[in-house]
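Once you've looked at the hints, dock chain B against the given chain A.
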Amino acid sequence: MDEKHSMEEDVKKEARRQYLRYFRFWFLAVAVLAIACIALKLSQGAREVPRTNSEAPTERVYDYANVLTDAEEADLREYIAQMEKKHRIDIVLVTFSQSVEGEEAREKYGLRSASWEQNMQDLADDFWDEHKFGYNKGFEGDGALLLHNWYEGQNGEHLSTSGSVEHKFSLRDIDEVLYAVDEYYDTNPYKAYRAYVKELCRRMDTSLSLPFSWGFVVILPIIIVLFYALIGAVQKKAENTVAVNAYVEGGRPQMRNKTDGLLRKNVVTRKIETSSGSRGGGGSSGGGGHHTSSGGASHGGGSHRH
Amino acid sequence: MYFRCKNCGANVIYSPERHGMYCPYCESEGSDERAEGQTGALTLCPNCGGEVSVEEHTSATQCPYCDSFLIFNERVEGEYTPRMMIPFQMGKETCKKSLREKFKSCRFAPTDFLSEARLNAMQGIYVPYWFYDYKTVCQFHGEGTKIRVWRSGDREYTETSVYDVRRDMDLDFEKIPVDASIQMPDDVMDLIAPFQYGQMVGFKPEFMSGFYGEKYNMPSAEVENRARTLMKQDATKLLRESYAGYSSVRTLREDISVQGSKTTYGLLPVWKYIYRYKEQDYPFYVNGQTGKIVGTAPFSKAKFLAYTGTLWACLTAFLALLQILLGMI
Chain A
0 MDEKHSMEED VKKEARRQYL RYFRFWFLAV AVLAIACIAL KLSQGAREVP RTNSEAPTER
60 VYDYANVLTD AEEADLREYI AQMEKKHRID IVLVTFSQSV EGEEAREKYG LRSASWEQNM
120 QDLADDFWDE HKFGYNKGFE GDGALLLHNW YEGQNGEHLS TSGSVEHKFS LRDIDEVLYA
180 VDEYYDTNPY KAYRAYVKEL CRRMDTSLSL PFSWGFVVIL PIIIVLFYAL IGAVQKKAEN
240 TVAVNAYVEG GRPQMRNKTD GLLRKNVVTR KIETSSGSRG GGGSSGGGGH HTSSGGASHG
300 GGSHRH
Chain B
0 MYFRCKNCGA NVIYSPERHG MYCPYCESEG SDERAEGQTG ALTLCPNCGG EVSVEEHTSA
60 TQCPYCDSFL IFNERVEGEY TPRMMIPFQM GKETCKKSLR EKFKSCRFAP TDFLSEARLN
120 AMQGIYVPYW FYDYKTVCQF HGEGTKIRVW RSGDREYTET SVYDVRRDMD LDFEKIPVDA
180 SIQMPDDVMD LIAPFQYGQM VGFKPEFMSG FYGEKYNMPS AEVENRARTL MKQDATKLLR
240 ESYAGYSSVR TLREDISVQG SKTTYGLLPV WKYIYRYKEQ DYPFYVNGQT GKIVGTAPFS
300 KAKFLAYTGT LWACLTAFLA LLQILLGMI
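Chains A and B, in that order, give the protein sequences. Numbering of the first sequence is given in numbering that gives the first Met the number 0, commencing with residue 0 and proceeding in unit increments. Numbering of the second sequence is given in numbering that gives the first Met the number 0, commencing with residue 0 and proceeding in unit increments.
Pulled out of the complex, with its shape left as it was, chain A reads as follows (with noise of 0.2 Å):
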């Protein structure tokens, strides 16, 4: 009784060192990357950059055209506050209702042109110009400013980039931000403008990532798991080896009469049938919309009109 448990102790004691060494990769390289993911999480909390323009007012969220409650307004102020320190940048937003179009827009409120697109530049340009917005300095500082002109007739959003922003966005980003605006702006303005700061820090994202989701993480160990079970668990007993001609003495037969006689030949023809068709496809991309402000600061941006 004693040597069968002894023997059981030591078969338990050989199934937990087997175990050990077939993991013994996967282990060590969990502890490494856990490790790891440690040592920068502690590392980046001593390196926080901290924020070097204190010129700019700390309001972000300016609601001239009164769209957003003030739960919301409060609501989007802390959201902003959280994604600025994250991806150190200043974001804000301005929301108007005013003629900015035509010579109404010249005499009545002095602006340089009767073109929309060209206002809206100037006034976001302006605006973020005089407030010295930018997340290291006042003066051509990191962010981007939405302006959103709820004016009938003439409602749309312009975004205006600054530094980091400016450098980092083309076009395309832009115009993927003012998108995501356009999405929600006439049913839900607090979701759209919560969505513009999204997909602004989205973009501004420059932390490396696998190049699938979170639940991918989840799905992909499960279907390799799988295939390690199935491939584990099927097994054959063993295959038939034996040759046809295992048996035949000399290995092969004795042919004694071999004949093909031709019977009958017959042919058939076709006309081939040919088709053809072309295909094509192009496109075009640009820049990031830089010019110079009123004030001599450089920006980027780009409009949407509804």
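You may find that some hints are simply not true.
Claimed, not checked - As a list, the in silico SDA-like pairs of lysine to any residue whose alpha-carbon atoms are at most 20 Å apart:
hint, chain 1, residue 1, chain 2, residue 2
1, B, K302, A, Y21
2, B, K95, B, V187
3, B, K134, A, G249
4, B, K103, A, V10
5, A, K12, B, K103
6, A, K235, B, P297
7, B, K101, A, K257
8, A, K3, B, K103
9, A, K40, B, K101
10, B, K95, B, F112
11, A, K257, B, K103
12, B, K5, B, P23
13, B, K302, B, D280
14, A, K11, B, K134
15, A, K3, B, F112
Just so you know, the hints here were simulated from the structure itself, not pulled from any lab data.
Frame of chain A; chain B shown alone:
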């Protein structure tokens, strides 16, 4: 009978590695002499007199008291004399190595499946076989079709030619093996083939010393249908190979007739390892000449769950940590 060492008196066995008789005690080679029992009783060991359990068809076994390998004269002589045999070419150690090599990738097999202690219980057995020789004449008559397609300009041509196909050939089959043992599963014995007949020799009881053995316990007539089935299958395949160039063939007449046959009794070497797990036997058979293994490894649910679970956890943790890490860089 058993074989005794002239030098030390111990039991001499046949060593596949040395291709000769060998005394494992004094390590002398070729020092064997045949010894017979005093009583002649089948159940008493001629060496130590201990009682040996002998089953109905056993022709060679090992004494549980003195470990001598015994060969029972009346089961290898007279009507039971094998005409030929292939001596073991693989020793136990080589066989263990082959089993470990084959099943090393079976991750979900129980831990002690290939342990030294378990594998030591492996037995080398001389399995009784009937060998069938057939002289056959195979005839075939049919219509073969060949199709040729080619293009010229904007037209495609399809030529169909029909031939009268006739084949007439002699096929001589030699030593189709069929096991003559009730104990051995037929499908396993079919899979363990082929044996290389180049190493076939006349029967000598010395080759049985060190191994277990059985006399035939199924008459030739009872198992011959297996040999005839195999012969017909092979003959049909060879006939088909002879008219393989056709796109399709319509058979008008096919005839395989046996003109003469011969049956011979012989022994073939097989290693047998039975692994018992969760009240179930898992048998493994190894061709004692070529090393071909027949059998499937047992499946441990506990090991399966532990290994797949750990792999899943490791993969998920690895990918998740990698995702987090890359997000922080």
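Hint check:
1. Taken as a hint, the K302 (chain B) and Y21 (chain A) pair is honoured in the structure, with Cα atoms around 12 Å apart against an allowance of 20 Å.
2. The suggested pairing of K95 (chain B) with V187 (chain B) holds, with an alpha-carbon distance near 19 Å, which does not exceed 20 Å.
3. Between the alpha carbons of K134 (chain B) and G249 (chain A) the distance comes to roughly 13 Å, so the proposed pair stays at or under 20 Å and holds.
4. Distance restraint check for K103 (chain B) and V10 (chain A): the Cα-Cα separation of roughly 17 Å lies within the 20 Å cut-off, and the hinted pair is therefore satisfied.
5. For the proposed pair K12 (chain A) and K103 (chain B), the alpha carbon gap of about 19 Å is at most 20 Å, so the pair holds.
6. For the hint linking K235 (chain A) to P297 (chain B), the alpha-carbon distance of about 12 Å falls within 20 Å, and the restraint holds.
7. For the suggested pair K101 (chain B) and K257 (chain A), the alpha carbons sit about 45 Å apart, so the restraint of at most 20 Å is broken.
8. Our distance criterion of 20 Å between C-alpha atoms is broken by K3 (chain A) and K103 (chain B), whose separation comes to about 26 Å.
9. This hinted pair does not check out: K40 (chain A) and K101 (chain B) have alpha carbons roughly 47 Å apart, beyond 20 Å.
10. In summary, the hint linking K95 (chain B) to F112 (chain B) is supported, as the alpha carbons are separated by about 11 Å, within the 20 Å threshold.
11. A hinted pair counts as satisfied when its Cα atoms are at most 20 Å apart, and K257 (chain A) with K103 (chain B) does not qualify at roughly 50 Å.
12. Taking the CA atoms of K5 (chain B) and P23 (chain B), the gap is about 13 Å. The hint holds against a cut of 20 Å.
13. With a C-alpha separation of about 19 Å, the suggested pair K302 (chain B) and D280 (chain B) falls inside the 20 Å cut-off, and the hint holds.
14. Of the supplied pair hints, the one linking K11 (chain A) and K134 (chain B) is violated, its CA atoms being roughly 59 Å apart against a limit of 20 Å.
15. For the given pair, K3 (chain A) sits about 16 Å from F112 (chain B) by alpha-carbon distance, which is consistent with the 20 Å threshold.
Violated hints, in rising order: 7, 8, 9, 11, 14; the structure is consistent with all others.
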